[in-house]
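Peer 1: Residue-level listing of the chains:
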Amino acid sequence: MFDNLGHFLRVLLQGVPATVVATLGGIVLCVVLSLVAGLGMLSPRRWVRVIARTYVEVWRGTSEVVQLFWIFFALPLLVGFELLPLWAGILVLGLNHGAYGGEIVRGAVQAVPREQHECAIALSFSRAQRMWRVILPQAVVEMVPPFGNLFIQLLKSSALLSLIFVHDITYQGRDVLEPNFTGQTALIYVLMLVMYLVLAVLITVVVRALERRAAAGVGRRPVEPGKALGRGADGAV
Amino acid sequence: MVWDWEFTGRVVPDVLRGLLVTFEATVLGSVVAFALGLLLALLRRSPIRAVSRATWLFIEFVRSTPLLVQLYFLFNVLPGIGLRFSSLATGVLGLGVHYACYAAEVYRAGIEGVPRGQWDAATALSLPSRRVWTSVVLPQAIPRVLPALGNCTISMFKETPLLLAIGVLDLVGAAQEAGSDAYRYVEPLTLAGICFLLLSYPASVLVRRVERRVGA
Numbered sequence: 001m002f003d004n005l006g007h008f009l010r011v012l013l014q015g016v017p018a019t020v021v022a023t024l025g026g027i028v029l030c031v032v033l034s035l036v037a038g039l040g041m042l043s044p045r046r047w048v049r050v051i052a053r054t055y056v057e058v059w060r061g062t063s064e065v066v067q068l069f070w071i072f073f074a075l076p077l078l079v080g081f082e083l084l085p086l087w088a089g090i091l092v093l094g095l096n097h098g099a100y101g102g103e104i105v106r107g108a109v110q111a112v113p114r115e116q117h118e119c120a121i122a123l124s125f126s127r128a129q130r131m132w133r134v135i136l137p138q139a140v141v142e143m144v145p146p147f148g149n150l151f152i153q154l155l156k157s158s159a160l161l162s163l164i165f166v167h168d169i170t171y172q173g174r175d176v177l178e179p180n181f182t183g184q185t186a187l188i189y190v191l192m193l194v195m196y197l198v199l200a201v202l203i204t205v206v207v208r209a210l211e212r213r214a215a216a217g218v219g220r221r222p223v224e225p226g227k228a229l230g231r232g233a234d235g236a237v
Numbered sequence: 001m002v003w004d005w006e007f008t009g010r011v012v013p014d015v016l017r018g019l020l021v022t023f024e025a026t027v028l029g030s031v032v033a034f035a036l037g038l039l040l041a042l043l044r045r046s047p048i049r050a051v052s053r054a055t056w057l058f059i060e061f062v063r064s065t066p067l068l069v070q071l072y073f074l075f076n077v078l079p080g081i082g083l084r085f086s087s088l089a090t091g092v093l094g095l096g097v098h099y100a101c102y103a104a105e106v107y108r109a110g111i112e113g114v115p116r117g118q119w120d121a122a123t124a125l126s127l128p129s130r131r132v133w134t135s136v137v138l139p140q141a142i143p144r145v146l147p148a149l150g151n152c153t154i155s156m157f158k159e160t161p162l163l164l165a166i167g168v169l170d171l172v173g174a175a176q177e178a179g180s181d182a183y184r185y186v187e188p189l190t191l192a193g194i195c196f197l198l199l200s201y202p203a204s205v206l207v208r209r210v211e212r213r214v215g216a
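So the sequences go chain by chain: S and D.
Oh and the first sequence: position 230 is 230 in the UniProt record's numbering, straight run, nothing missing.
Oh and the second sequence: position 60 is 60 in the UniProt record's numbering, straight run, nothing missing.
None of these hints come from the bench; they were simulated from the model.
Note that the structure is predicted; figures quoted are calculated from it, not measured.
Be careful, since some hints might not be right.
[Stated by the list, open to error] Pairwise CB distance ranges (calculated):
(1) 81/D with 132/S: 25 to 35 Å
(2) 143/D with 220/S: 43 to 53 Å
(3) 54/S with 10/D: 23 to 33 Å
(4) 131/D with 182/S: 46 to 56 Å
(5) 76/S with 85/D: 46 to 56 Å
(6) 213/D with 183/S: 50 to 60 Å
The C-beta atom is built at its ideal place from N, Cα and C for all residues, glycine as well.
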């Protein structure tokens, strides 16, 4: 049963770069969009709030598969411009999880005590200075653990990209290996699942380190261990 | 290229038929997830260390790996060990097990939220442990976890389209098929998106309202 293990691993590992690139690209886009959307929802200007809120509700309210298919199959027909599968995938991963991240950023900023705002005003900081030097450094400590969960969700969602022919781990296993080794599907899929688990553990380790740094940055002790492992059910909807 | 209303009208019945399948999968999946989730939450608290460790490992493993791969796994491996289910049943099982692991954490938080004094009181009344659960702990824990379970169902609803990968013609599967027949994806896929938005947005507003009421 394990004769082909080496071959399986080699073929599956060829999918790792695409999975990692899609996940990292998605994470970068997700963080940027989360900050923009989260701060947008707290803007004093109404039209900014409306745009940010609409983005968040639309991208959280529709299914990720629909979003992926829409961008990959429908959008090219509308605009006459086709995205490479990997780019389309990164775009969807970032846009979708950015909508969830927006709520994390909003919640974290709102959790910073009022007095901190008032002190910054008393020191006559400008709005931008207040946000950048006082509020965000404290909000980041609150944001990091939920963002860790979100990044793992994003990693898991990256498996969807195999549906638009990105050659990631899932594609390698299902479309390259499985048709040739129909008797050993159990082994193939277990290997795939373990690979995703390893990547998820890597994300957890990095996020833990970030948590410690962020907490130390504002002179706080990190959250008690064990808490960061608890991933919420995809976050409040 | 502009929106084709005539074509839109033609694909609406397909999309609605798909929507029914999506509903079916979500409802059945939720039932499996809520029941199995409670079982996992209780096993997680088992006094036998091996049982609680194994349950923890299972929950973490399932939550850290993609649902899509889990579905492929079930779809391809179950027939090999003599279990032949329809695509929909396999999908329901996959969704159910995946979300049971989230539901288990939800129940855990709910159970831990029951004040210590309630346990002590139950012990003082020398209630047998089964009565402690059915008459004291769960009646207090369950209402508190309802909003979070509601969110689980909404998440599941939005992930049901993954079932198209194992051949279930749900909302998106039907839209996709209608699209590929006519080489026009804009209308069916947009309709599918609108369906999701129209259903999941009010549902999440409702959950938020329940959340405020039970004060979770």
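Peer 1: Is it true that the C-beta distance of residue 213/D to residue 183/S lies inside 50 to 60 Å, as the hint says?
Peer 2: This hint holds: roughly 54 Å between Cβ atoms.
Peer 1: Just tell me: holds or violated, for the beta carbon distance of residue 131/D and residue 182/S against 46 to 56 Å?
Peer 2: holds (52 Å)
Peer 1: Can you tell me whether the CB distance of residue 76/S to residue 85/D sits inside 46 to 56 Å?
Peer 2: The hint (46 to 56 Å, Cβ to Cβ) is violated, given that residue 76/S and residue 85/D are roughly 37 Å apart.
Peer 1: Regarding residue 143/D and residue 220/S, is the given constraint of 43 to 53 Å on their beta-carbon distance met?
Peer 2: violated (34 Å)
Peer 1: Take a look at whether the Cβ-Cβ distance between residue 54/S and residue 10/D falls inside 23 to 33 Å.
Peer 2: Given range 23 to 33 Å: holds, Cβ gap about 30 Å.
Peer 1: CB of residue 81/D to CB of residue 132/S, is that within 25 to 35 Å?
Peer 2: Given range 25 to 35 Å: violated, Cβ gap about 58 Å.
When each numbered hint is compared with the structure, violations occur for hints 1, 2, 5.
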